[in-house]
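With chain F held as given, fit chain B onto it using these hints.
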Amino acid sequence: MCSGRISPHFILKAFQEGADGVLVAGCHIGECHYGKGNYITAKRMVVMKELIQFIGLSPTRLRLEWIATSEGNKFAQVVSHFTEEITQLGPSPLRPKRIAKFKPGQEVVGAIGIR
Amino acid sequence: MDKTREKMKRMLEEKEVSAILALRRNHGHPTPFLFTKAEELKDWVADEANRYPLTKLLIKIARKHQSDVIGIIVRGCEERSLVELLKNFQLRQGKVKAIGIACSQELANRCRCDQPFPSQVEEGQVAKPATDFSDLEEIEKLTEEDRFQYWMSQFGKCIKCYGCRNICPACFCPTCTLEDANLIKPGGMPPEIPIFHLHKAYHMADRCIDCGLCEEACPMGIPVRRLYRRVKKSVKDLFGYIPGEKEDEKGPLEFLGDGSYELPGAGK
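Those sequence lines, one after another, are chains F and B. First residue of the first sequence? That's 11 in our numbering, and the numbers climb one at a time after it. First residue of the second sequence? That's 11 in our numbering, and the numbers climb one at a time after it.
Next up, chain F with everything else stripped away, as it sits in the complex (with noise of 0.2 Å):
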C-alpha cells in the first residue's frame, strides 16, 4: 500500500485504540511506485507531529521512515530501534486502562456543579 494511502485519521486512531507508537514506512522520495504519493505523507507527517506534541504526546512515538521493499536490513534495524525507544518513553497515556485516570471533565464537572 501506497505510504500516500495512510490518512492521518488511521494514526490518530490506532493512538486512540492505545498503540505505544506508529511507524510510517514508504518508499523513498523520488522513488515512488505510483509517481509521487510520498510526497504528502512527508508534509502530513510533520504537521501530526506537531499536533500531537502539543496535546502532549511525545512526537517520538509517531515515526516516519523511507525504507525500499529490497531494504531489509534496514527494515529490521529500524524497527528494533522505534521499539527501543518507545520502551524507553513507556506505555502511552491513551492506553485505555490509563485513560480511565483522566476521568472525563471531572474536576470541571464539579467545579461548576453540572450533574
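These are computed hints drawn from the structure, not numbers from a lab. Take the hints with a grain of salt, since some may be wrong.
[Unchecked claim] Under the rule of at most 25 Å between Cα atoms (straight-line distance), these lysine-lysine pairs were calculated in the PhoX-like manner:
1. B:K13 <-> B:K70
2. B:K195 <-> F:K23
3. B:K107 <-> B:K17
4. B:K151 <-> B:K243
5. B:K170 <-> F:K23
6. B:K47 <-> B:K17
7. B:K25 <-> B:K105
8. B:K260 <-> B:K246
9. F:K46 <-> B:K260
10. B:K25 <-> B:K138
11. F:K46 <-> B:K246
12. B:K97 <-> F:K46
13. F:K23 <-> B:K243
In this text the structure is predicted, and so the values were computed from the model without any measurement.
Same frame as chain F, now just chain B:
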C-alpha cells in the same frame, strides 16, 4: 456606517445584486437577514458583539438561487472564509459580491485577529493586526505530562454537540469524519477523546481562517481555537501557506505536490 448603507442601497436599486445577506436588528437582537428591498436597509446593523457565520448561510442560499448574484457584508475573517469556500467550489465565482466593513481595534484585540480588515473597506479606520500568541505559549510552556492532563480535562467536557463544526465557516463536507462510525465510536459521552478533537484539528490545518467562532460557540468552553491556531501556525511556518489569503493557492495538504515540500528531517 452610513456610507456602507448607501452603497448597499445603490447596489440593490441598480440591480447589481439581487439580495444582500447581512445582520438586521430584530427586537433588539441582530439576526441574519436577506435584504431584497432598499427600504429594509434601515434596520441593518453591523453588530460587533454578536458575530455570525454569514458565509455558511450563503452556501445554502446560493445553492437555491444559482443564477442570482448575492451581496454579503464581510469582515476580515468572513472574507477569508469566502475565499476558502470559492476555492473549494462551494460558491460560484462572480455570483458573490463582498462588501467589506472594518473591525474596531477593540474587537481585533479581543479576537487576537491577525488581519481584522477585508481587502476593500468602504469607510472607517482599519484596525491594527493583533499578533498575540500568548494563549499558545501558555500551553507550550507546560511539561508534556501537564499538557496532556490539561487537554484531556478540557476535551473531557465535550458534550458532542458538533457546535464547533456546525458554526465553522470553513467546514462544508456533506459527510463528516466526526460522524464516521469506523473512526469514532458512535454513542457515549463524552466522545472518544482526544481523537474527536484531533480529527477536526488536523482538518483545520490548512483551512482554519482563525475567526474564533468555534470557541465562542462551544457551550462547555473548550479552548478548541488554540488547537486550530497551533496547526495553522505549523502550516504557516513549514509551508508558508495562509488559508484564505490567495484564491489561486491550494492548501499544501490538499495535493501531492512537486516534492519541493520534501522537508528536512523527514525520513531520518
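Violating hint indices (sorted, rising): 1, 10
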